[in-house]
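There are 2 protein chains.
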Amino acid sequence: MIPLGGLEQIGMNITAFEYDDSIVVVDCGLSFPEDEMLGIDLVIPDITYLKENIDKVKGFVITHGHEDHIGALPYVLKEINVPVYATKLTMGLIENKLKEHVLPKPVKRKVVKYGQSINLGCFRIEFIRTNHSISDAAALAIFSPAGIVVHTGDFKVDYTPVNGETIDLQRFAELGKKGVLALMCDSTNVMKPGYTMSERTVGKTFDNIFADNEKHRIIVATFASNVDRVQQIINSAEKYGRKVVVEGRSMVNVISTAAELGYLDVPKNIIIEMEQMKNYPPEKLVLITTGSQGEAMAALSRMAANLHRKVSIEPGDTVIFSSRPIPGNEKNVSKVINELAQKGAKVIVQDTHVSGHASQEEIKLIYSLTRPKYAIPVHGEYQHLKAHAELAQGMGIPKENTIVLSSGDVLELTQERATLIGKVQAQGIMVDGLGVGDVGNIVLRDRQHLSENGLIIIVLTLEKYTNQLLAGPDIVSRGFVYVRESEYLMDEAKSIVYAALERCLDNKVSDWSKIKTEIKDSLSDYLWKKMKRNPMILPIIMEVE
Amino acid sequence: MIPLGGLEQIGMNITAFEYDDSIVVVDCGLSFPEDEMLGIDLVIPDITYLKENIDKVKGFVITHGHEDHIGALPYVLKEINVPVYATKLTMGLIENKLKEHVLPKPVKRKVVKYGQSINLGCFRIEFIRTNHSISDAAALAIFSPAGIVVHTGDFKVDYTPVNGETIDLQRFAELGKKGVLALMCDSTNVMKPGYTMSERTVGKTFDNIFADNEKHRIIVATFASNVDRVQQIINSAEKYGRKVVVEGRSMVNVISTAAELGYLDVPKNIIIEMEQMKNYPPEKLVLITTGSQGEAMAALSRMAANLHRKVSIEPGDTVIFSSRPIPGNEKNVSKVINELAQKGAKVIVQDTHVSGHASQEEIKLIYSLTRPKYAIPVHGEYQHLKAHAELAQGMGIPKENTIVLSSGDVLELTQERATLIGKVQAQGIMVDGLGVGDVGNIVLRDRQHLSENGLIIIVLTLEKYTNQLLAGPDIVSRGFVYVRESEYLMDEAKSIVYAALERCLDNKVSDWSKIKTEIKDSLSDYLWKKMKRNPMILPIIMEVE
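Protein sequence lines correspond, in order, to chains A and B. Numbering-wise, the UniProt record's numbering puts 406 at position 406 of the first sequence, and it's gapless, one number per residue. Numbering-wise, the UniProt record's numbering puts 178 at position 178 of the second sequence, and it's gapless, one number per residue.
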């Protein structure tokens, strides 16, 4: 068992299972960049290990259609062409993604139903129905010669789901009776006591809000991928006689895919184009939009900032945030709320969201149904994995059988023992524009330095052989100080460069790298003493014969 | 009434009150930079209006000793030398700050007691006892010919404070009987229903944690300024026979000031130097440290990252976060918690903090005691101010008398009416190193651009008159791609520059700015098409005769 991502972090879920000549891979997600990854668009897993063992790799089995489980597939499938197995909606969303990329050759894809098994080398994989914040989520029972591993994927226990049925607890129990070697269970909400509320409770809140605000336009921001949430907004819209407008590219994509595949029940004519909005009074309209995380370029943020071309916020608009801010997004969300409030909108955030992940009691339920020998918590930062291990110990699993792994660990599991037998490459690979992996730590360090301090460029033209100054020093700065206000500073900088240069000539220093260092160091000293600042200093020497 | 900061934002509190020839200023705080203020250390208020009316300015009256109320004083007092009035601990903390700066000449300072009034021009200012997360916090009754304005400062109602007495509710009531023209009341927690818990409840939690972890070292991270919290840690330490070590520069400063002035009751010999730690077993020690917000350079973060020179985290250490993450700091706090957990520490965050700000029911209490004619909410983002105005309306204040101001608004208040009569400069001024206000929007925009995309510098030496290329193009990049991996890219870039230059020569373009634009545009096009990236491109032309 080799997790190539998803441990010690939220996101970029991918785990390889290997036995003899067979490897199957569960999920292939991306993660969003950390704050210090300046300019990076997304992070994908390092699949070097899979490439080196490509003959063994039988395929990807995917638990559900969220970015942190499918988002890296287009990148990875460009490098290794292996089949992909997933439930219907999940596959629909994967196909959406693949359309945006050019694969060297088509990839085999197979839609799997709940309860169905597929044989991949010496593994048999069974898809088990679960509940999550997207339909068609599956847990996996991985049958191997070493025993059965149950991987929950992201899940919760919802006794009244909006779409589909309750998680197949009977099957978990049956597997438990057979004997489960290891349980790999979602840790996202392991710090939360009690049970996660049913998705349906949000529908009740929507109904109340629609009833209380019958005179105003309603705008609901939520995750594009939360198809059940969208369903409930449409349900309330129908009940209260409103037309629905969908805004935001990802929202339009997901809704059309889900509706096409029958995962969204859309009454005829309820959805209208944005252009038709003007034909309806505000109180007959609901907008469903992206931007619930305060993302600067998302539709709701543009509306709030008066930058949206087609929708402007009017006093009286009722804006519902049907989401919770993901850690790191709190301030952006707050900014959008302030902007909306300033334009006279009423903003509602209470009881408008429930999590898609199991809380403590639900996790305990899965342990007591499956009774695994080993507990290997997945999907979480270290603090979550550790808390999860402690919870598993509370469920009677011996401490030595609760295993907190790091990405890249190679764990050998048998009926007798669990042993860490190695380590493979599992750092995330950064994607910036079309570049995959061409931005590394040096580049990021430079971006960091530039972002905090700006830069000063000093250009000199020297005569070859004599090192006489033919032109310059020219000084150009960016992101340092506003130049017109600091001409004196640039003048002083110039004389420091002259002096440094003269010292070099006097001492017969002709090595350019030494001249550059001298210039850099003297200017750097001066600026630190004078301003307590530390810009990047780049001396460039041109040579003319 | 002219708020120069503190409205539509949390932080940088400062409000001027003017009548005839007198101006008094309440508070003089700083704010911490927003995410987009790259490289900025802090933000201070723009006091242009005070400088222009310096003859009228009678002094600063300060409500309490937190950074967002006193932090800008050293900067502002360098520009306008006026007296400062504050309670004892507040003044002690102000003096700490002033010591770190060089003022052109000494500033008059006067310590004021609760219940005492000072006369400043035609104003009389009375300091009223309140509760907050620092001792010696005061509300102000501002008596003016136009009427009485009550400014709460930051406050809560604590019936069992750790130090000092409960907020002087009787005085608020008395003022209400006399007739309060306007109430300016803290909005920080106006979204929170109910009452804020007493500071003393945290002491109980500490006792429980000390009892439960009697075999381990305890480390408590909290705000340096929360003197009452520190008192409670010391109380528990004494009760459970532990020595106390204080770590972090600001923590040491505040504790010594508070102890000196009698705001901290420190049993003899309980505090030891860090060097003495080795003489005690872990279970006999408590460390009180900075870093509760996950700040990269703070003591706890350095311990967690194994970068602290004197303390390393050991398995079994019990680390208490006695704080809540300030919005924007959640991810950093989480990172530190993960690092601590990985080193085997037990991290406790539950029930270890209470807010220092009044919740809804406490705010209502102040309204019903003071019964102001006008409600002017302060200390909050727009959403808070607006919610506060609605709460005031719920308390019977007519809608037109609840006034949500922006920083810079000039509000004229009389017994008859409240009128917005103007606007003064009130943008924050950014401080970067020793530079105050020399980093503006252009510099920040460049830093942003550099941080996300890096830069490419192209240097050419041209012959004067003929524009013949004498040297170059040399291409230097930083923060763009790791150069050794992309030599082909730099080669291609060079040929694009050559081509652009040739086009210019062919078309007899001799204007250097046009040549630069041609180079920049063609390279920019190429990189966007090839990589979907947009680095800053800086062509520099040197001229040699």
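If you are wondering where the hints come from, they were derived from the structure by calculation, not from laboratory data. Don't take every hint at face value.
Pairs involving identical chains hold if they fit within one copy or between any two copies, as the list cannot separate such chains.
[Said to hold, decoys possible] Derived pair list, reagent style EDC-like, types lysine to aspartate or glutamate, alpha-carbon separation capped at 20 angstroms: (1) LYS178 with GLU95; (2) LYS192 with GLU361; (3) LYS331 with GLU34; (4) LYS51 with GLU34; (5) LYS110 with GLU283; (6) LYS514 with ASP41; (7) LYS278 with GLU314; (8) LYS178 with GLU452; (9) LYS110 with ASP41; (10) LYS331 with GLU36; (11) LYS532 with ASP438; (12) LYS529 with ASP438.
Verification of the hints:
1. Taking the shortest Cα distances, LYS178 and GLU95 never come within 20 angstroms of each other, neither inside one copy (36 angstroms) nor across copies (73 angstroms).
2. Only within a single protomer do LYS192 and GLU361 lie at most 20 angstroms apart by alpha-carbon distance; the minimum there is 9 angstroms, versus 28 angstroms between protomers.
3. Proximity of LYS331 to GLU34 under the C-alpha cut-off of 20 angstroms is found in both arrangements, the shortest distances being 15 angstroms within a copy and 9 angstroms between copies.
4. For a Cα distance limit of 20 angstroms, the shortest separation of LYS51 from GLU34 qualifies neither inside one copy, at 26 angstroms, nor across copies, at 43 angstroms.
5. Within a single copy, LYS110 and GLU283 get their C-alpha atoms no closer than 45 angstroms, and across copies no closer than 59 angstroms, so neither meets the 20 angstroms cut-off.
6. Taking the shortest Cα distances, LYS514 and ASP41 never come within 20 angstroms of each other, neither inside one copy (38 angstroms) nor across copies (33 angstroms).
7. Taking CA atoms no more than 20 angstroms apart as the test, LYS278 paired with GLU314 passes inside one copy only; the shortest distance there is 14 angstroms, against 65 angstroms between copies.
8. Taking the closest pair of Cα atoms, LYS178 and GLU452 never come within 20 angstroms of each other, the shortest separation being 59 angstroms inside a single copy and 53 angstroms across copies.
9. In the homo-oligomer, the alpha carbons of LYS110 and ASP41 never lie at most 20 angstroms apart, since the shortest distance is 30 angstroms inside one protomer and 55 angstroms across protomers.
10. In this assembly of identical chains, the alpha carbons of LYS331 and GLU36 lie at most 20 angstroms apart whether taken from the same copy (17 angstroms) or from different copies (11 angstroms).
11. Taking the closest pair of Cα atoms, LYS532 and ASP438 come within 20 angstroms of each other only across two copies (13 angstroms); inside a single copy the shortest separation is 33 angstroms, beyond that limit.
12. For the identical chains of this complex, LYS529 and ASP438 are inter-copy neighbours only, at 16 angstroms across copies versus 36 angstroms inside a copy, given an alpha-carbon limit of 20 angstroms.
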